[in-house]
Amino acid sequence: MAQVLPLELIDKCIGSRIWIIMKGDKEIVGTLKGFDDYVNMVLEDVIEYEMTPEGRRATRLDEILLNGNNVAIMVPGGQPPYME
Amino acid sequence: MAQVLPLELIDKCIGSRIWIIMKGDKEIVGTLKGFDDYVNMVLEDVIEYEMTPEGRRATRLDEILLNGNNVAIMVPGGQPPYME
Amino acid sequence: MAQVLPLELIDKCIGSRIWIIMKGDKEIVGTLKGFDDYVNMVLEDVIEYEMTPEGRRATRLDEILLNGNNVAIMVPGGQPPYME
Amino acid sequence: MAQVLPLELIDKCIGSRIWIIMKGDKEIVGTLKGFDDYVNMVLEDVIEYEMTPEGRRATRLDEILLNGNNVAIMVPGGQPPYME
Amino acid sequence: MAQVLPLELIDKCIGSRIWIIMKGDKEIVGTLKGFDDYVNMVLEDVIEYEMTPEGRRATRLDEILLNGNNVAIMVPGGQPPYME
Amino acid sequence: MAQVLPLELIDKCIGSRIWIIMKGDKEIVGTLKGFDDYVNMVLEDVIEYEMTPEGRRATRLDEILLNGNNVAIMVPGGQPPYME
Amino acid sequence: MAQVLPLELIDKCIGSRIWIIMKGDKEIVGTLKGFDDYVNMVLEDVIEYEMTPEGRRATRLDEILLNGNNVAIMVPGGQPPYME
Numbered sequence: 001m002a003q004v005l006p007l008e009l010i011d012k013c014i015g016s017r018i019w020i021i022m023k024g025d026k027e028i029v030g031t032l033k034g035f036d037d038y039v040n041m042v043l044e045d046v047i048e049y050e051m052t053p054e055g056r057r058a059t060r061l062d063e064i065l066l067n068g069n070n071v072a073i074m075v076p077g078g079q080p081p082y083m084e
Numbered sequence: 001m002a003q004v005l006p007l008e009l010i011d012k013c014i015g016s017r018i019w020i021i022m023k024g025d026k027e028i029v030g031t032l033k034g035f036d037d038y039v040n041m042v043l044e045d046v047i048e049y050e051m052t053p054e055g056r057r058a059t060r061l062d063e064i065l066l067n068g069n070n071v072a073i074m075v076p077g078g079q080p081p082y083m084e
Numbered sequence: 001m002a003q004v005l006p007l008e009l010i011d012k013c014i015g016s017r018i019w020i021i022m023k024g025d026k027e028i029v030g031t032l033k034g035f036d037d038y039v040n041m042v043l044e045d046v047i048e049y050e051m052t053p054e055g056r057r058a059t060r061l062d063e064i065l066l067n068g069n070n071v072a073i074m075v076p077g078g079q080p081p082y083m084e
Numbered sequence: 001m002a003q004v005l006p007l008e009l010i011d012k013c014i015g016s017r018i019w020i021i022m023k024g025d026k027e028i029v030g031t032l033k034g035f036d037d038y039v040n041m042v043l044e045d046v047i048e049y050e051m052t053p054e055g056r057r058a059t060r061l062d063e064i065l066l067n068g069n070n071v072a073i074m075v076p077g078g079q080p081p082y083m084e
Numbered sequence: 001m002a003q004v005l006p007l008e009l010i011d012k013c014i015g016s017r018i019w020i021i022m023k024g025d026k027e028i029v030g031t032l033k034g035f036d037d038y039v040n041m042v043l044e045d046v047i048e049y050e051m052t053p054e055g056r057r058a059t060r061l062d063e064i065l066l067n068g069n070n071v072a073i074m075v076p077g078g079q080p081p082y083m084e
Numbered sequence: 001m002a003q004v005l006p007l008e009l010i011d012k013c014i015g016s017r018i019w020i021i022m023k024g025d026k027e028i029v030g031t032l033k034g035f036d037d038y039v040n041m042v043l044e045d046v047i048e049y050e051m052t053p054e055g056r057r058a059t060r061l062d063e064i065l066l067n068g069n070n071v072a073i074m075v076p077g078g079q080p081p082y083m084e
Numbered sequence: 001m002a003q004v005l006p007l008e009l010i011d012k013c014i015g016s017r018i019w020i021i022m023k024g025d026k027e028i029v030g031t032l033k034g035f036d037d038y039v040n041m042v043l044e045d046v047i048e049y050e051m052t053p054e055g056r057r058a059t060r061l062d063e064i065l066l067n068g069n070n071v072a073i074m075v076p077g078g079q080p081p082y083m084e
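Going line by line, the protein sequences match chains A, B, C, D, E, F and G.
Taking the UniProt record's numbering, the leading residue of the first sequence gets 1, the next gets one more, and so forth.
Taking the UniProt record's numbering, the leading residue of the second sequence gets 1, the next gets one more, and so forth.
Taking the UniProt record's numbering, the leading residue of the third sequence gets 1, the next gets one more, and so forth.
Taking the UniProt record's numbering, the leading residue of the fourth sequence gets 1, the next gets one more, and so forth.
Taking the UniProt record's numbering, the leading residue of the fifth sequence gets 1, the next gets one more, and so forth.
Taking the UniProt record's numbering, the leading residue of the sixth sequence gets 1, the next gets one more, and so forth.
Taking the UniProt record's numbering, the leading residue of the seventh sequence gets 1, the next gets one more, and so forth.
Bound-form chain A, shown alone (with noise of 0.2 Å):
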């Protein structure tokens, strides 16, 4: 059965939408421009999500780079449900 190998998937979405899933619990969506080795990202188009004790805060970033160790999972394409 052929794999399909974790770098060629991020491979796949250069150029597209992705949600992270941080450890912890911030997440991030945005649009992958390029990725190392280490799964350190760089992302534009950015929405962060924090939760608050005022609830959970988004924050608009035109362009990041992500530190890759911080991530727990991603999902090509996707966003989180609570996103309008």
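What the hints contain is simulated information worked out from the structure, not anything from laboratory work.
A hint or two may mislead.
[Unchecked claim] Far from chain A, by Cβ distances over 10 Å, these chain B residues were calculated: (1) Ala2; (2) Leu5; (3) Leu7; (4) Glu8; (5) Leu9; (6) Arg17; (7) Gly34; (8) Asp45; (9) Ile47; (10) Tyr49; (11) Glu54; (12) Ile64; (13) Gln79; (14) Pro81; (15) Tyr82; (16) Met83.
[Said to hold, decoys possible] Okay, the calculated bits of chain D under chain A, using three or more residues with CB under 8 Å as the criterion: (17) 2-9; (18) 60-73; (19) 76-82.
Since we're looking at a predicted model, the values are computed, not measured.
Cβ atoms here follow ideal geometry from the backbone N, Cα and C, with glycine treated the same way.
Got chain A sorted already, so can you dock chains B, C, D, E, F and G onto it with the hints?
The following block gives chains B, C, D, E, F and G in isolation, referenced to the frame of chain A:
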């Protein structure tokens, strides 16, 4: 006595259902599509189970890339007892 | 004085029962089928013990892959005192 | 599709302002003067934001060396919404 | 001045009793049978001491493999003051 | 644009005062005598600041070796605002 | 300006007293007998200081091997202010 090596066991799971117990209390069930030497995994038809103050929450995801360094236990062909 | 090297000890356990005490309070008993250099282990006829608010929970699993980096102590041929 | 690699993105920031969100709740804004492969960074005209029981504290620093292994997100040309 | 290198010190302990203080509050006393470069250790005639809500619990184990990355201090020929 | 590399910046600090902010709330001011690739540092005429229930405690030390892996931020020629 | 490299500083301590401040609140004073590249250390005539609910506890140990990865600060020839 013949050994079953860990990566051999995972390789045999390609295309099959697998139950993954993470460090912390998150659990994931899905079809294994591929993995790398760090046991990062590509999974399809995924259900992510997570304990929330309101009880256990199940989230359905089409396809995910799971970071291997948070995995505690993998159960080939298994599923959590609480799964309908 | 002849040494018993750690990997030698594990190798001798292939096919035998082994009691594994994890970091945190999870404990596992199973038959060791194989392992790799990181002491990731393939185990069969497994019972996973875990402390829950309702007391100690035992879960039976046919076959598992256990991540080695969370293992604290391994007891060849051993079993926890609370095991029936 | 052409990729933007993480280190390329940082390289383009040399001489520009950058907003850095650390693991935990510390944030830093400064002009990037240089970095190494571990994304340790030399920054000038720095403001360090930190949450204290008395609220958010801002500390001005001429020049700093920031340890890369605590960085979560980098926002080229960005600044925190609460910055005057 | 002649040095006593760490691995030399452990090597001299082969066949002797050793008291091991782990990170956290677990302590172990046993006869050292062998070790590897990561100071994973094979121990015999082991007593494992652990603090529980009901006080200090002692568990006797014939032979164990101890993961070296949780060891804080090793005391060749030593034993804890509370040991009968 | 010419870069200032992290190790270059530290090298320029040899013989000068430096303020080091550790992960957690410990801070250190001292004269940098030397360092290695892991940014372990030899410091002289050191003051170590630490928060205690009774308030901030300052400890004077002639010469220390500081483990680099706990350093968050280094401020060449800087000193904490609360320093007399 | 001539540097004093970290391992040089430790080398000069062989045979001398040294005060070691660990991550967490454990402190150790002893005579340094040897060390390796990971700054695991062999110490003699050791006093281990630890905070307990009943106050600071001092334990005398003849000879120990100290795991280097928990060391925060080393003070050649130093001793804690609270030491008699």
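TODO: Tell me, in ascending order, the numbers of any earlier hints that this structure violates.
DONE: As far as the earlier hints go, 7 and 12 are violated by this structure, in ascending order.
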